[in-house]
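K.L.:
As given, the protein sequences belong to chains A and P, one line each in that order.
The numbering of the first sequence is this note's numbering, which starts it at 1 and goes up by one.
The numbering of the second sequence is this note's numbering, which starts it at 257 and goes up by one.
Some hints here could point you the wrong way.
Stated by the list, open to error - Just the calculated beta-carbon pair ranges, DEER-fashion:
| hint | chain 1 | residue 1 | chain 2 | residue 2 | range |
| --- | --- | --- | --- | --- | --- |
| 1 | A | Leu-122 | P | Gly-267 | 50 to 60 Å |
| 2 | P | Asp-453 | A | Asp-103 | 38 to 48 Å |
| 3 | P | Pro-293 | A | Arg-245 | 28 to 38 Å |
| 4 | A | Glu-69 | P | Arg-310 | 46 to 56 Å |
| 5 | P | Lys-268 | A | His-27 | 46 to 56 Å |
| 6 | A | Arg-30 | P | Lys-481 | 54 to 64 Å |
| 7 | P | Phe-499 | A | Gly-49 | 55 to 65 Å |
These are computed hints drawn from the structure, not numbers from a lab.
Every residue, glycine too, gets a C-beta built ideally from N, C-alpha and C.
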Amino acid sequence: MEERKPLSEHEKVIEINGLYKSFGNYHVLRGVDLELYKRENLVVLGKSGTGKSVLIKIVVGLLTPDRGEVKVLNQHVDQITYKELLALRLKVGFSFQNSALYDSMTVRENLIFPLVRNQRKLTKGEITSAVEEMLDAVGLLHTINQMPSELSGGQRKRIGIARTLILRPEIMLYDEPTAGLDPITCLEINNLINEVQERFHTSSIIITHDLTCAKAVGNRVAMLLDGKFERQGTFEDVFNTSDDRVKPFYDYNFIQ
Amino acid sequence: MEIKDEVKSPGKISRTFITLYDVFQFMGRFFKEGFLPPYEGKELMKQCYDIGYRSLALISLTGFITGIVFTKQSRPSLSEFGATSWLPSLVGIALLRTLAPLLTSLIAAGKVGSSIGAELGSMRVTEQIDAMEVSATNPFKFLVTTRVLASTITIPILTFYTAMVGMLGALLNVSLSEGTSAKAFFQSSLESITFLDITASTIKAVIFGFTIGMVGCYQGYNSSKGTEGVGKAANSAVVIGMFLIFIEEVVSVQFFGLFRT
Ligand SMILES: Nc1ncnc2c1ncn2[C@@H]1O[C@H](COP(=O)(O)OP(=O)(O)OP(=O)(O)O)[C@@H](O)[C@H]1O
Ligand SMILES: [Mg+2]
C-alpha cells in the first residue's frame, strides 16, 4: 500500500475553531479545532457517541453550534442566510451513516432528485447520462431501476455516495462509509473514496471505526477524545502512544 | 428543532405556547413558500391521486350507507305529519350541509392524516429529510407544501362525491318505499339546496382538508427520532386532526348560521 501524506501546504477548505455543542446537559463537543486542507482525505476516529456525526452535521448546517467558529470554503456556516447556505451545501456532499436513500423512489429517481432541483436547465438526455455515469462510477449501473429496499447495505452506501457526487461537490463528508460491511466490500468502498478524491478533486472527511480503511484512504488522521481532537497527524503520529483511550482502537483492529 | 439551554424545562403552559408558536411558524412557511416557484407539480398530482385513491372505497361505502340509513330513520318523524314527500329535500340538505363534509373529513383524517404522519415521520427518522436538506433542495416544499395543497384540493371534491353517493343511497331507499322516480327525487332535493349551502360546504371542506394535511405534515415533519416517533406522529395526526375538525364544524355552523334566516 502506498504511503499517503498530509497535504497541509494546501489551502484550508474547512476551518473549525473552539466549537462547542451540547444537548441539554450532555456536552458532546467541547472545544473542537479542526482543519481540512484542499484535496486531502482526513480520517476522523472516535468512540461511538463522541459526536463525530454531530460534528459533520454542524459543518453542513443541519445542527447549529452553541459556540465557536465553523468556516467552510471561507464562509461562516452559522452566519450566512438560508440562500447562501443552500449554495454552500451544493459544494459539500454528505453521505449519511445509514445511507438515507429516499425509499419511495427508485435508484434512478434518487439520483435525479437533487440534480434536477439544482440544475433546472438540464435536458432529459443530459440527466440520463449524468445519472448513468455516476452509477457506473460506483459500479451499480445495473441497479438503476431497483428500489432502495431491494439493495444490500453496501449497495445502499454506494448509491448514497453516488447521489451525493452527482452534484459535483468540492468537499465530501462520509459518515462511516464501511460500517457493517464485509472486508471485500470495505475494500471496494475504500477504493471508491480514493477514486473520488482523484477523479473529482474533492477534499474529504471520512468518519470511521475501521483502521484498515483509515490507513487506506487517509492522508491525515484526527481522533476525537472527550469532545476535542487531542491527537492529529499521520497514522503513526496518532497511534504511537500508550494512551488508554487510543491504544484499544489499534489493538482491536490489528492485534487479535 | 432543539430547545436552547435557557428554557431548560418549560412548564406545561409555556410548552403549549412554544408548540403554538411552532405551529404558526410552520403554517407561515407553507404560505410563504407554497406559492413561489419552482413548483412541485408532478408531486402535487401524485399526492392528489394518492389521497383520492386511498379514501375512495371507504368514503363510497360510508356515504351510500349513510344515505340509506338517514332516510330510513327520518321517515317515521316525517310521516307523522304526512310529510314523507319532504324526504328528498331533507336528506339532500343534511347530506350537503353537514354529513358529507364531516364524514369525508373524518375518514380522511383517519386514512390520509395518519399515512402522511407516518410517511413523513419515517422520512425524518431515517434522515431522508436531512438528506434532502443537505443536497440543497427544499424538503418542505417537496413534502409539506404538496401534501397540504393536495388535501386542501381533494377533500372538497371528495365531499361532493360523498354527497352524491349518499343521495344515491337515499334514492334507493325512497324509490323502494315510496316508489319515487329518480327524476322527481333529484328535482325536489336539488330545489331546496341553495347557493349558500354549496358555498358554505365548499369553504368548510377546504378548511377541513387544509387541517388534515397540515396536522399530518406537522406531526410527521417534526416527529422525534426513533421508531416510536413514527407511530406517535401517525397517531397524533389522527387524534388532533379529528379534534380540530369537530371544533371547526361547530364554529362554522355558528358562522354560516349568521347568513341563514
Ligand atoms: N439531535 C440530537 N438531539 C439530542 N442528542 C443528540 C442529537 N444528535 C446527537 N445527539 C447525541 O450526541 C451524542 C453524539 O452523537 P453522534 O451521532 O455524533 O455520535 P457518533 O460519534 O457519530 O457515534 P457513532 O459512532 O455511534 O455514530 C450522542 O450521545 C447522541 O445521543
Ligand atoms: Mg455517527
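K.L.:
Give a verdict on every hint.
P.N.:
Structure-based check of each hint:
1. Checking the proposed 50 to 60 Å range against Leu-122 of chain A and Gly-267 of chain P shows it holds: the Cβ atoms sit about 53 Å from each other.
2. The hinted window of 38 to 48 Å between Asp-453 of chain P and Asp-103 of chain A holds, with their beta carbons roughly 44 Å apart.
3. Between Pro-293 of chain P and Arg-245 of chain A the beta carbon distance is about 53 Å. The supplied range of 28 to 38 Å is therefore violated.
4. A hinted range of 46 to 56 Å for the beta carbons of Glu-69 of chain A and Arg-310 of chain P is consistent with their spacing of about 49 Å.
5. Hint check: Lys-268 of chain P to His-27 of chain A, Cβ distance near 28 Å, so the stated range 46 to 56 Å is violated.
6. A C-beta distance of roughly 23 Å is found between Arg-30 of chain A and Lys-481 of chain P, which places it outside the suggested range of 54 to 64 Å.
7. Between Phe-499 of chain P and Gly-49 of chain A the C-beta distance comes to about 39 Å, which lies outside the given range of 55 to 65 Å.
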